[in-house]
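J.: Here are the chains, one letter per residue:
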Amino acid sequence: MSSWYRLLPFQMDRMQSGHYLCSSIAGDHVILQRETLCSVIDGTLPREHQDAQDLMAGLFLSTDGGHAEVDLLATRLRTRLHERRSLASLHIVVATLRCANACGYCQVSRVHPEARGKDLSDDNADRTADLIMSCPSSRIKVEFQGGEALLNMPVVQRIVERCDAAAAFSGKLVSYVIATSLSHLTDANLDFFAARQVHISTSLDGPQWLHDRNRPSPTGSGWLTTVAGIERCRRRLGHDCVSALMTTARTSLAHADAIVDQYQELGFHSIFLRWLNPFGDAVRHRQRLSYTALEWLTFWQRALDRVLSWNDRGYPMREEFTCLLLRRMLSPHPAGFVDLDSPTGSGTSVLVYNYDGSIYVSDEGRMLAEIGDQTFRLGHVQTHTYAQIMDNPTLRNMVSATMLETTPRCDRCACLPWCGVDPVVNHATQGDIRGCRPTSDHCQRMEGAFHYVVGLLRGPHRDLLLSWAAG
Amino acid sequence: MRPLTGRITSGDAEPGLYQVADADGLILDRRDAPGQVAIAVDPAMRQPERGDLVSVIPGRMLRTLYRSSAQDNFLFLTNRCQNRCTFCSQPPTVHADDWLIAEVLQAIAHLPRGIASVGITGGEPTLAGPGLLAVLAALTAHHPTCAIHLLSNGRNFAWLGLAQRVAAIGCADLVVGVPIHADSPPAHDAIAGSAGAWGETVRGCLALARCGIAVEIRVVLVRDNVARLEQLAAWITRNMPFVVHVAWMAQEVTGYAATAGDRVWVNPESYHVQLRRAVTLIHRWGIRTSIYNLPHCWMPADLWPWAVKSISSWKVEHPDACTGCRQLAACSGLFATGTRLTPRPFHQSAC
Chain A
1 MSSWYRLLPF QMDRMQSGHY LCSSIAGDHV ILQRETLCSV IDGTLPREHQ
51 DAQDLMAGLF LSTDGGHAEV DLLATRLRTR LHERRSLASL HIVVATLRCA
101 NACGYCQVSR VHPEARGKDL SDDNADRTAD LIMSCPSSRI KVEFQGGEAL
151 LNMPVVQRIV ERCDAAAAFS GKLVSYVIAT SLSHLTDANL DFFAARQVHI
201 STSLDGPQWL HDRNRPSPTG SGWLTTVAGI ERCRRRLGHD CVSALMTTAR
251 TSLAHADAIV DQYQELGFHS IFLRWLNPFG DAVRHRQRLS YTALEWLTFW
301 QRALDRVLSW NDRGYPMREE FTCLLLRRML SPHPAGFVDL DSPTGSGTSV
351 LVYNYDGSIY VSDEGRMLAE IGDQTFRLGH VQTHTYAQIM DNPTLRNMVS
401 ATMLETTPRC DRCACLPWCG VDPVVNHATQ GDIRGCRPTS DHCQRMEGAF
451 HYVVGLLRGP HRDLLLSWAA G
Chain B
1 MRPLTGRITS GDAEPGLYQV ADADGLILDR RDAPGQVAIA VDPAMRQPER
51 GDLVSVIPGR MLRTLYRSSA QDNFLFLTNR CQNRCTFCSQ PPTVHADDWL
101 IAEVLQAIAH LPRGIASVGI TGGEPTLAGP GLLAVLAALT AHHPTCAIHL
151 LSNGRNFAWL GLAQRVAAIG CADLVVGVPI HADSPPAHDA IAGSAGAWGE
201 TVRGCLALAR CGIAVEIRVV LVRDNVARLE QLAAWITRNM PFVVHVAWMA
251 QEVTGYAATA GDRVWVNPES YHVQLRRAVT LIHRWGIRTS IYNLPHCWMP
301 ADLWPWAVKS ISSWKVEHPD ACTGCRQLAA CSGLFATGTR LTPRPFHQSA
351 C
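Protein chains in written order, with our numbering: chain A, 1 to 471; chain B, 1 to 351.
Watch out, some of these pointers could steer you wrong.
As the list claims (entries may be wrong) - Below, a sample of chain B positions facing chain A; criterion: calculated Cβ distance under 10 Å: (1) 184; (2) 185; (3) 239; (4) 265; (5) 266; (6) 267; (7) 280; (8) 283; (9) 285.
What the hints assert, rightly or not - If you want the ones that stay clear, here's a sample from chain A, every Cβ over 10 Å from chain B, calculated: (10) 79; (11) 88; (12) 406.
Calculated directly from the structure, the hints in this document are not laboratory data.
Quick reminder that beta carbons are idealized off the backbone N, C-alpha and C, glycines included.
Based on the sequences and whatever the hints tell you, model everything.
T.: Here you go:
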């Protein structure tokens, strides 16, 4: 008997509940019972079946003789890949490697504040600004990192002024972010940030005792300094001009609620729950600091539930990692996040300029360089043009190795259309940019996270999550 | 006798008697009445106004092509259509009506200079084929800044060549308004009354987008699609993020909709929840969205910001019961041509 539909390609995963998560190659998803899935595949699904409408709308089944569904799938796939070509839109500049804090998990291998030769020079700073402005992107974001970026403010100012001057001619839109612990913040700094609309991104791990334990500071409590700094920034620059990031240390795992509550208490409406990447000191202190992907997932779920409960109590708050997952699941657009890009955005949408003028594919790439691995070095600001950087064989190799559709195991995972992969992390943890999925922490973390969000979308917070997805 | 196209140049010196001039300002000449065309208009009908564009056969026929006082004028290209939508307020015919194109081309020459916008409708305007291209080209040549709103079921644009030829005309501001009634082929086709409609309409939208032509989606709210408005909205944001506007349109109960009765009609109160979800979803994704043809008294107040005074000036009615309603100025009013809604005015004493 011929069926009333044709099957279109899709992937499936069995979920813990025993139901099946199915995703089309465009990224729409449905959850089916085993019997339904079997009848879908057998071609015996009745027209009147309660899941039939969703399966047609989700482009799992084709019933149109002209194959409009296939055209839609092709257009969706093209949209996803086309927008990945937002070339060189994020430029990370390492102003200095010096930093006074002695964070146990420091991923960048900071050096002592009095150390020499770890600052970006004026000459390299000018060439960096010129290179940034020579990139094809019309919207450019420049992020200053460290070490402690505030310890080399003259170079930060120099680059902002040079980029702004170039932007005035080219019409490009340039925005600035500075990542800082706020420990050396002066009023002059604030005046500059206000004048040039520089956004502040600081680190806040949670309650005072936890933050200070993770991030020992020579001046006593780093937490007090940061919190006071946040207040100053808000008063001078506006409430939304400062955001905070948390890094999960082993100690943090048991304190999800306290961490979220701390953000709420400080008036933040957003929190980004981040795991620790295996770079820098985080590798050296692995025994003391590290945790498994499952342990992080449990922590994240608990913290996310806490964020949701604040919303229930009338305090609007978003979890940024969840927002990225939702954006990937529910929109045709990419998330612009290194762990959710396929092919990779490292080196193509992100470039990193180190304190010595070397250019790397990503922040993680320069972190590896600090522990002696120069695999992801693309060149130097004094010798390389943008075209030469893009023609780098390592970079080309990275892009072709990170198409998940061609990666074993990923090619049939239900999370395929939403997921991404960071070749630098693969290289660091598995010795190969393509990586091996069954032993990958990334894979376990992402699959667990996507499955959890799929479940939440069927729960009482559906409307709230839909509002997060749209950004 | 062929109809003449011209503009009403003088008012009714005598009741029911008008003068018509052609594009060059000459008084249309007739051997039986040198210097003028006298048209007699039935006093019971709407009387033409100075500046209106009309097609006349003296003593026999008068059709208004353009109303100078109306904001929303449409050029009517054909009465034929491939769809047989269950809610159609203006059922299509099957006979050839190519003469309409000549009339429209004449009308374009008469349209006022600097006209802001004009609609093109049918029937299905793309069935006029070369006629549609000629009309778009004439509009662009005579009125280069005029915004054009083309209402089409989109099916013929599945031929990429048609979309490309329309794009090549280079209209300054062209939007094609296309109806998508459901997020799956069987549901849409049942409402459109034509198998294969969904597929061609979807492919038509993709072709238009590919050619850089702006697409608007128009969803008519009927009994068989209101249960899945949120899903349809999600489908639009994912599959057609390029659309410039999504309109949710309550029915005009005339034509097929009147004869189909309860097979089409749905009480607006039954879809408030779905409509709210759909509008919110589209809005969140940054796509403009509106609710058409639904009076304020038939939707919850939180949807009012999306409600548009969408009913054409010659079709709209504010019944006596609406007098004194606090929402009267913002309200779409009701279809004079046919509705099942009765006004429920908000008086001072009401909440």
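J.: All the hints need checking, so say for each whether the structure fits it.
T.: Verification of the supplied hints:
Evaluation of the residue 184(B) hint against chain A yields a held restraint, the C-beta minimum of about 4 Å falling below 10 Å. The closest approach between the C-beta of residue 185(B) and any C-beta of chain A is roughly 5 Å, which is under the 10 Å cut-off, so the hint is satisfied. Hint status for residue 239(B): holds, given a least beta-carbon distance of 5 Å to chain A, under 10 Å. Evaluation of the residue 265(B) hint against chain A yields a violated restraint, the C-beta minimum of about 22 Å exceeding 10 Å.
Interface restraint check for residue 266(B): the shortest CB-CB distance to chain A comes to about 18 Å, outside 10 Å, so the restraint is violated. The interface hint given for residue 267(B) is broken, as the beta carbon of that residue sits about 22 Å from the closest beta carbon of chain A, more than 10 Å. The beta carbon of residue 280(B) comes within 8 Å of a beta carbon in chain A, closer than 10 Å, and the hint placing it at the interface holds. About 9 Å separates the beta-carbon of residue 283(B) from the nearest beta-carbon of chain A, less than 10 Å, and the hint is met.
Interface hint at residue 285(B): satisfied, since its Cβ lies 5 Å from the closest Cβ of chain A, which is below the 10 Å cut-off. The claim that residue 79(A) lies off the interface is violated: its Cβ sits roughly 7 Å from the closest Cβ of chain B, which falls inside the 10 Å cut-off. The non-interface label for residue 88(A) is consistent with chain B: the shortest C-beta to C-beta separation is roughly 24 Å, beyond 10 Å. The non-interface label for residue 406(A) is consistent with chain B: the shortest C-beta to C-beta separation is roughly 24 Å, beyond 10 Å.
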